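Participant: Chains as they are written, first to last, in UniProt numbering: chain A, 1 to 437; chain B, 1 to 437.
Check the hints yourself; a few may be wrong.
Think about it this way: if two alpha-carbon atoms lie no more than 20 Å apart in a straight line, the pair counts; the simulated SDA-like pairs of lysine to any residue are [stated by the list, open to error]:
1) B/386 / B/185
2) B/397 / A/322
3) A/397 / B/311
4) A/311 / B/252
5) B/397 / A/238
6) B/311 / A/238
7) A/340 / B/325
Treat the hints as calculated values from the structure; they're not laboratory data.
No experiment lies behind these values; they were computed from the predicted model shown.
For reference, the chains in residue letters:
Number of protein chains: 2
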Amino acid sequence: MPHNLGIRVASSRLASTFDESCSWGSTPDGGMNRLSLNNDDKRVREWLIEQCKQLGCSVKVDQMGNIFAIRPGKNNSIPPIGMGSHLDTQPAGGKYDGIVGVLSALEVLRTLHDNQVETYAPVALIDWTNEEGARFPPAMLSSGVWGGAFTLEHGHSRSDASGNTVKSELERIGFLGDVPCSYEANPLSAHFEIHIEQGPALEAENLRIGVVTGVQAMNWYNIVLRGREQHCGTTPMNMRADTLLCAAKMIQSINQQSLALPGARASVAVINSSPQSINTLSGRVQFNIGARASSDALLATLDVNLEKACKEVVEDSVRLDESIMGKSGEGGVKMEVWEKIWECPKTVFDERAVSMVRESAREVEGGRFKDMVSGAGHDSVYTARKVPTAMIFIRCKAGISHNPAEFSKQEDIDAGANVLLGALLRYDDYLKEKTAA
Amino acid sequence: MPHNLGIRVASSRLASTFDESCSWGSTPDGGMNRLSLNNDDKRVREWLIEQCKQLGCSVKVDQMGNIFAIRPGKNNSIPPIGMGSHLDTQPAGGKYDGIVGVLSALEVLRTLHDNQVETYAPVALIDWTNEEGARFPPAMLSSGVWGGAFTLEHGHSRSDASGNTVKSELERIGFLGDVPCSYEANPLSAHFEIHIEQGPALEAENLRIGVVTGVQAMNWYNIVLRGREQHCGTTPMNMRADTLLCAAKMIQSINQQSLALPGARASVAVINSSPQSINTLSGRVQFNIGARASSDALLATLDVNLEKACKEVVEDSVRLDESIMGKSGEGGVKMEVWEKIWECPKTVFDERAVSMVRESAREVEGGRFKDMVSGAGHDSVYTARKVPTAMIFIRCKAGISHNPAEFSKQEDIDAGANVLLGALLRYDDYLKEKTAA
Numbered sequence: 001m002p003h004n005l006g007i008r009v010a011s012s013r014l015a016s017t018f019d020e021s022c023s024w025g026s027t028p029d030g031g032m033n034r035l036s037l038n039n040d041d042k043r044v045r046e047w048l049i050e051q052c053k054q055l056g057c058s059v060k061v062d063q064m065g066n067i068f069a070i071r072p073g074k075n076n077s078i079p080p081i082g083m084g085s086h087l088d089t090q091p092a093g094g095k096y097d098g099i100v101g102v103l104s105a106l107e108v109l110r111t112l113h114d115n116q117v118e119t120y121a122p123v124a125l126i127d128w129t130n131e132e133g134a135r136f137p138p139a140m141l142s143s144g145v146w147g148g149a150f151t152l153e154h155g156h157s158r159s160d161a162s163g164n165t166v167k168s169e170l171e172r173i174g175f176l177g178d179v180p181c182s183y184e185a186n187p188l189s190a191h192f193e194i195h196i197e198q199g200p201a202l203e204a205e206n207l208r209i210g211v212v213t214g215v216q217a218m219n220w221y222n223i224v225l226r227g228r229e230q231h232c233g234t235t236p237m238n239m240r241a242d243t244l245l246c247a248a249k250m251i252q253s254i255n256q257q258s259l260a261l262p263g264a265r266a267s268v269a270v271i272n273s274s275p276q277s278i279n280t281l282s283g284r285v286q287f288n289i290g291a292r293a294s295s296d297a298l299l300a301t302l303d304v305n306l307e308k309a310c311k312e313v314v315e316d317s318v319r320l321d322e323s324i325m326g327k328s329g330e331g332g333v334k335m336e337v338w339e340k341i342w343e344c345p346k347t348v349f350d351e352r353a354v355s356m357v358r359e360s361a362r363e364v365e366g367g368r369f370k371d372m373v374s375g376a377g378h379d380s381v382y383t384a385r386k387v388p389t390a391m392i393f394i395r396c397k398a399g400i401s402h403n404p405a406e407f408s409k410q411e412d413i414d415a416g417a418n419v420l421l422g423a424l425l426r427y428d429d430y431l432k433e434k435t436a437a
Numbered sequence: 001m002p003h004n005l006g007i008r009v010a011s012s013r014l015a016s017t018f019d020e021s022c023s024w025g026s027t028p029d030g031g032m033n034r035l036s037l038n039n040d041d042k043r044v045r046e047w048l049i050e051q052c053k054q055l056g057c058s059v060k061v062d063q064m065g066n067i068f069a070i071r072p073g074k075n076n077s078i079p080p081i082g083m084g085s086h087l088d089t090q091p092a093g094g095k096y097d098g099i100v101g102v103l104s105a106l107e108v109l110r111t112l113h114d115n116q117v118e119t120y121a122p123v124a125l126i127d128w129t130n131e132e133g134a135r136f137p138p139a140m141l142s143s144g145v146w147g148g149a150f151t152l153e154h155g156h157s158r159s160d161a162s163g164n165t166v167k168s169e170l171e172r173i174g175f176l177g178d179v180p181c182s183y184e185a186n187p188l189s190a191h192f193e194i195h196i197e198q199g200p201a202l203e204a205e206n207l208r209i210g211v212v213t214g215v216q217a218m219n220w221y222n223i224v225l226r227g228r229e230q231h232c233g234t235t236p237m238n239m240r241a242d243t244l245l246c247a248a249k250m251i252q253s254i255n256q257q258s259l260a261l262p263g264a265r266a267s268v269a270v271i272n273s274s275p276q277s278i279n280t281l282s283g284r285v286q287f288n289i290g291a292r293a294s295s296d297a298l299l300a301t302l303d304v305n306l307e308k309a310c311k312e313v314v315e316d317s318v319r320l321d322e323s324i325m326g327k328s329g330e331g332g333v334k335m336e337v338w339e340k341i342w343e344c345p346k347t348v349f350d351e352r353a354v355s356m357v358r359e360s361a362r363e364v365e366g367g368r369f370k371d372m373v374s375g376a377g378h379d380s381v382y383t384a385r386k387v388p389t390a391m392i393f394i395r396c397k398a399g400i401s402h403n404p405a406e407f408s409k410q411e412d413i414d415a416g417a418n419v420l421l422g423a424l425l426r427y428d429d430y431l432k433e434k435t436a437a
């Protein structure tokens with residue numbers, strides 16, 4: 001039988017692996033809070049390494065704390081085929097985002113082990129550090145360093161709200177490895193990733209599996225506004241430089257700009273105002289915009305429109321203020337910072353890798369799957385810059401993600417893991433043929 | 001000469017007292033950060049007590065940490081005439097708000113001392129605890145307990161953002177006194193207060209002094225919205241329950257509601273969203289509204305309009321969500337909390353006390369003053385519930401307050417202190433005549 005195709009993952013073992021590993025970071029509402037490099041992340045990493053070692057894998061940890069657990073093949077002179085995702089979560093996240101990818105990869109390794117399958121190439125399970133970017137923005141930080149999108153220094157120096165850096169936290173939890181974090185020094189042959197869809201499309205069409213052909217383009221922005229701290233009781237309404245009111249107008253305008261461009265999405269999820277006093281108008285407001293679009297050209301249009309719309313809000317404020325206050329008002333609310341803190345163009349996955357996912361999905365699901373573009377970024381965006389990459393989406397409930405209510409059925413996870421197994425073995429056959437040729 | 005009216009405060013001493021006492025809590029930008037009951041507040045309180053003791057005052061500290069420094073009179077069987085304000089500031093406040101009131105009162109005591117004036121009634125300088133409410137909302141907390149607006153338990157249990165209570169912080173800095181905090185147990189005969197205007201009216205008319213006849217009506221609100229935490233990249237724009245977007249719409253609508261009612265003011269200065277993740281729509285947003293109006297009736301109208309406007313925003317969200325998501329969406333963004341956390345009706349000050357301020361202003365300023373209604377709340381709002389109360393406003397630059405740029409000229413402060421001295425002596429004469437009669 002070609003490709004060892006008769007073998008299947010063990011559903012009940014995969015299910016119990018979720019129960020076991022999600023004990024670190026679970027929250028009473030059924031969700032997860034396992035921010036990157038916290039103590040729960042440390043514990044689940046140690047657990048993961050132990051599981052892989054039991055299967056005879058060797059384990060490497062790189063300078064960004066990325067874990068590579070490698071199961072040897074027949075020809076260990078070629079780089080391993082990677083199966084990666086992440087074990088960190090949002091602060092109020094679910095049990096599936098990222099976790100499905102790593103635990104399915106572990107189940108694939110166990111299935112190969114049980115069936116004594118010797119692959120041609122070595123196979124690597126990868127846990128990428130800080131995919132969420134929730135603790136240390138931006139997202140996909142460590143696959144980004146590996147893929148050359150960020151320097152190691154940039155990766156190490158990212159810090160959380162308390163000022164702890166990635167490097168200091170890696171040291172603290174014992175995961176500052178010495179393997180260089182780069183494709184060139186520590187290569188893969190390919191990268192496959194299962195992930196929950198995080199959207200409603202598969203559920204709407206009653207499908208378990210999506211074959212992901214690429215990822216939409218993304219920008220993140222940081223904005224700081226400065227107005228005047230003024231007494232809320234005594235300052236006439238028309239003499240105010242009300243920073244939070246300007247921010248509120250921008251948030252609405254950002255929403256309208258994205259609604260006006262089909263295929264674009266933009267929103268503000270983080271806002272901070274100071275001083276925090278009911279009786280004093282805020283004089284400084286910081287917020288972030290997350291913007292996405294189905295093409296680089298559309299994102300470029302959205303980029304221009306967002307900046308224009310936000311600048312119009314401050315120009316209105318300045319005009320109004322100067323007409324009433326003259327120079328004494330110092331010109332209303334100003335935009336102190338308009339900064340693009342992250343840019344990620346549209347990703348198109350490798351045609352061969354995608355076709356192997358598609359073939360595997362056809363075998364496992366009998367044709368019941370669809371091709372999709374991912375709305376979210378994933379570690380595969382950065383691996384795709386260096387090696388053939390493809391992704392498998394599985395259905396999730398109501399498209400809900402980054403939320404304790406995030407949920408995927410076990411049968412859908414099983415289907416995804418079996419598609420991953422089939423894609424991996426197909427890619428292994430391809431490498432064998434290519435090397436022989 | 002009636003009323004000891006020839007005497008005047010010492011300008012240079014009053015000026016140097018500012019320099020001396022503002023060393024605790026001053027910020028590099030020329031402002032102050034002396035949040036109630038912090039270590040700087042402790043030090044300035046200790047300094048104040050020392051200054052008053054040097055003048056022969058006895059000092060009482062009550063259960064809310066209010067300091068009463070009492071200079072004896074001829075007849076110590078009647079309650080002292082109070083001169084009070086506060087030494088705490090906003091987190092990014094100025095050197096004048098509250099501080100002018102306490103330091104002018106100290107200068108009045110020193111002037112009485114220098115001129116060996118024996119008043120008929122005793123005279124009390126009062127430093128009221130936590131007037132700003134910036135660290136422990138609401139404002140005017142401890143004059144409020146003294147005046148019966150709040151219970152002692154309420155006052156003691158207010159907490160800051162770190163969970164420290166007023167009581168524990170009073171204990172920590174050694175200012176949890178044992179004098180009962182109430183008018184009944186520790187009465188005054190009257191209360192006079194100097195304060196900076198915190199508005200632009202006196203400057204606009206080139207006047208130093210305002211005679212304050214009352215304080216506008218005020219409400220504070222706490223609002224909590226609950227939407228859905230959703231992935232910002234994958235969730236279609238029309239399937240979102242975007243909590244921060246709803247809050248932004250409300251902030252704009254609150255602004256519009258207050259603009260629509262001349263004499264009303266409403267604004268949002270505090271907002272907090274969670275989780276703080278660029279990639280996850282916030283599922284919980286908390287904010288506060290501060291609302292004021294020139295009459296109780298107008299504030300009641302504003303109250304109805306604000307609640308209606310904000311409820312319309314959530315109703316729109318619920319309608320939209322249910323039309324797209326059905327029951328699975330759980331109904332869009334909801335208003336979990338709409339709570340009035342502070343209500344303070346319009347205050348009208350005592351006619352006799354106000355007339356004595358007016359007479360004193362006429363003597364000091366030769367008729368160059370105006371009657372005014374205060375836009376801000378002050379400790380005098382709560383003393384007015386129990387004893388004849390009046391206030392003196394002094395001019396400040398550009399109406400700026402709650403800001404490091406807050407500024408009043410020394411000559412304006414001197415004028416205010418002399419008006420206070422004259423009003424105090426007039427009220428003392430009135431008490432003497434009244435007791436004799």
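Participant: Indicate, hint by hint, whether the structure satisfies it.
Facilitator: Now the hints, each set against the structure:
For the suggested pair residue 386 of chain B and residue 185 of chain B, the alpha carbons sit about 12 Å apart, so the restraint of at most 20 Å is met. The straight-line distance between the Cα atoms of residue 397 of chain B and residue 322 of chain A is roughly 17 Å, inside the 20 Å bound, and the hint therefore holds. About 29 Å separates the Cα atoms of residue 397 of chain A and residue 311 of chain B, which puts this hinted pair outside 20 Å; it is violated. Straight-line distance between C-alpha atoms of residue 311 of chain A and residue 252 of chain B comes to about 17 Å, which keeps the hinted pair within the 20 Å bound.
With a CA separation close to 17 Å, the supplied pair residue 397 of chain B and residue 238 of chain A stays within the 20 Å bound. About 26 Å separates the Cα atoms of residue 311 of chain B and residue 238 of chain A, which puts this hinted pair outside 20 Å; it is violated. With a C-alpha separation of about 33 Å, the suggested pair residue 340 of chain A and residue 325 of chain B falls outside the 20 Å cut-off, and the hint is violated.
Hint violations for this structure: numbers 3, 6, 7, all remaining hints satisfied.
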